[in-house]
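Peer 1: Chain residues, written in single-letter form:
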Amino acid sequence: MNEIEQTGLATMRDCWITGGTSFELAPATWKEFAAGAGPDERERRLLAIAAQALEIALRPAAPKTLKRRAPLPELALPMLPERLRPLLRAALKHAADARGKSRVVALVASRGFVLHPMDWMPAASDQTSPDVYAPWIDWQASVDGEKHTSREQLTAKNWDEFYPAARRSALADMRRTAPAVARQLIETKGSSEPAEIRLALIALMHFGLGAGDVPFLKSLSADRSGKVRELAGRLLARLGEHGQPGDGGPEEPTAELAAFITEGKSGFIRRRTTYAPAKLKSPAQERRRAELFETCNLVDLAARFGVTETDFIGAWQFGADNNVDILVSRMVAASGSDTAVTHMADTLAAEGGKPAPFVLHLMPRLDSRRQRDLIRLILKDTHYLGVLSLAEGVEAGWLDWADLTNGKTLPALCAAVAGNDEAVKRGADQFLETLGFFATAAVAEKLIGDVVAAGMAPAAPSLGLLRLNASLAGP
Amino acid sequence: MEFDLKTIEALAPDQASLSAASKLTRQSNWPRLEKNEELALVWGECQGSGSNPYRVVVDTGDHGYKCTCPSRKFPCKHTLALMWIAATAPASFTAAGSAPEWVNDWLGRRRKTTSPPAVPTPGAARKSIGEASLDDESATVEDAAAIERREAAQRKRAEDTRSSVAAALDELDQWISDQLRLGLAGFVDNSSDRCRRIAARLVDMKATALAGRIDEIPSRLMGLRSEERPDAAIRELGKLVLLAKAWRQTPDDAELRRLVSTSESREQVLANPHAIQVESLWEVLGEKIETRRDGLVSHSTWLLDLKSAAPRFALLLDYFPASAGRRSNAFTPGDRFVARLVFYPARQPLRALVAERRGDVSSGQWPDFSFGAADPLAAHVAHQDTAPWLTDCPVLLPPGAILLDDRGDAWWQSTDDPHGIALPIADAVNPTLLGLDLAATAALWSGSRLHLLAAQSGFGRLDLS
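Protein chains in written order, with the numbering used here: chain P, 126 to 600; chain X, 29 to 493.
What the hints contain is simulated information worked out from the structure, not anything from laboratory work.
Computed from a predicted model, the values in this text were never measured in an experiment.
Take the hints with a grain of salt, since some may be wrong.
Each computed EDC-like pair below joins lysine to aspartate or glutamate, with the alpha-carbon atoms no more than 20 Å apart [claimed, not checked]: (1) Lys314(P) <-> Glu366(P); (2) Lys273(X) <-> Glu283(X); (3) Lys571(P) <-> Glu255(X); (4) Lys571(P) <-> Asp554(P); (5) Lys273(X) <-> Glu166(P); (6) Lys192(P) <-> Asp433(X).
Could you build all of it, start to finish, from the sequences and the hints given here?
Peer 2: Structure (structure tokens):
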């Protein structure tokens, strides 16, 4: 289309938009086609020519400011094979929430694969996905994509060349191998970061936490952010350091919490001290006690009663009040020393039965042997199978067939599947999904066979994760 | 397999369904028959009267079933036929290691029945498999005079239709002139009512296909930014003028008749000696299922020929009433199969039927179609040269990427020509796509927007439809 035609088309277009005849405005060459017809037919002919001109000769004007995202980085693990993607999508679709989806992702990563980015992408704020996804988390977080994820050792010099997720991953690794170097980096570079990032950096110090970290953590008591100060206090408490000494009066939080706890004695021959939740008069008092458990440290509370952390835990009367037991477990998980945490886990696991599920709160701080022992213990009994779905920080793909058959779990599961109680069946569905994460590939395959024999639809969606697990057995 | 003919008889809603099912039990109707005994499932794809095959799955344990056909009979003839084959010729089913995704989808959604399967209904006694099998043999033979009378009536009807359509096109011409006189600004603002009125007139005058197209103009205009709509209105109305003129020149032209009044039947296309037939390896690029204003749902499946030197596409197109409910997809994007396709005669053959399907092939990369450095919309221009009334044109775009403008709208841009042509994308894109280099992209160009179907990238095939 030449310039005259373009100008003609523009004026005809304006004429038609408002209404009227455009014949006189048309380019001469177009007029030739329209001439000799009635007024309406002339306009229609010109309309047909204009339509074709717009269709063929003109293209949408591309904006000058089109922005290109940085290429999505390739990850260190290979992509899940194409033939397994339908199974993966089925498992992801069935996973009810982000926790369920992250388990699918963790299981696949534990078998040496990553997901296709069109099937699943971590969110920019993701902090729970396997480390292998750090480049994608950073890609999600970046807007302009100028930086490159470096595979070099993180140092103060190249700090700014790392995206936050890659930095977090590198620092976590460094804390495991050279905690002092990592601490120095956090100390040097962290102070210039905003509070939210500073908090995430300090949280990384729980890897390889040791006495050498005390001076730095103490220096954070003057930090601008209340959350950072609180976290530093928790980490110090884990190291047995007491918080800021108060005046010891009844207004001091630890003293207030201690007042909500009853100290007693038990045993006829060897009298020993016990601690139990005090009976409170109002829901407001219960709320206050819950708040205090959230903010106080175990070491301070134990000191208040003049005992060590482990003595306090040993004397606590688990089973007296479920809600308070959970609060105690969470306090131990947040501020207890490593010794206190393992002592509590071992004590409750040794007792077995009812209190054991509370130790799930401690899971993220337990070593994998204790995590597995505890899960085996819960599996042995059938009363708390539901709580297993809440377990966090546990490895995927280790549960053996003996773990599953060493108790009543499998018969109970098969009975639930075969029965007609819809609520029990839903519970069984959820449990199967949990087992899909814990089980080895061989166990997953065998378990599918057993529950199908018990009456479950062979292609039931709740078997999705088990099917994916079984298919990830090998090449 | 846990079927017997008594069960099928009991499940059938009526004798007619059984009779219809008996005609579908020939294996030639079923390009795919598979089973998985562990999952207690049989499934298959039945080539029905539509372009897309119907997908049928039956649970042999509790006799639950699902078919993608729009029938309101439950179970439909396709389901009954699949059960019938399972009961009488179980060897026809190939054992499959796992169920395909569409079967898994159904399983995920279904609610298991707790009642015992196949309770005979009160009318079951009046249905008979034996009677259904005899139906084929009792076809009546027409005499020559009756054939002559029928053909004469057909010719008369065709003549009446032609006169009626000619009158409809005159009315359409007048309507277009009115829109130009009244102003396209008003037409754009009020296109819904104005198009509905003329579409209703065209339906009355037997220009049904054209009416359906005009009914869709408002939604096509509303999909664009307000400043683009007048140009789009010029394009839409100008194409109608061209189509009307072309029909007047050759009213018996099959392509034009299809676009203006009615389409030929599946049987007519298959029997047409001039219809182009292509046997090749086809990949399902994607599907579009859209509910139209006239109450029909259009179901388009786009295929890519993987063996032709230049990109060749095929469209399997079906319509069914929206009242029949949501219909599952007929294919899974990325499926590959060897098939003989018969194209509806046209200047740019695109719409096709699957005449024969030979078997599935595993997926992989697209062949290197050696894109020229020229215009990525060259195929569209070629289509417009021969058939200027066409709207959507499939294109295979060279290496490129998806970019965002200041408003957050997505554009496709060629890698080799970063400052040149960029094509706006119709819908919001998955943000992950913005970080992928696309080695090739299959899409539909509507004249103003790109509707993505599929792409090849460093991360393999991407389903974008």
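Peer 1: Evaluate each hint against the coordinates.
Peer 2: Each hint, compared with the structure:
1. In summary, the hint linking Lys314(P) to Glu366(P) is not supported, as the alpha carbons are separated by about 25 Å, beyond the 20 Å threshold.
2. With a C-alpha separation of about 14 Å, the suggested pairing of Lys273(X) with Glu283(X) holds against the 20 Å cut-off.
3. Our distance criterion of 20 Å between C-alpha atoms is broken by Lys571(P) and Glu255(X), whose separation comes to about 63 Å.
4. For the proposed pair Lys571(P) and Asp554(P), the alpha carbon gap of about 16 Å is at most 20 Å, so the pair holds.
5. Distance hint between Lys273(X) and Glu166(P) is fulfilled; the C-alpha atoms sit about 11 Å from each other, no more than 20 Å.
6. Pair hint Lys192(P) plus Asp433(X) holds up; C-alpha atoms about 6 Å apart against a cutoff of 20 Å.
The structure is inconsistent with the numbered hints 1, 3, although it conforms to all the rest.
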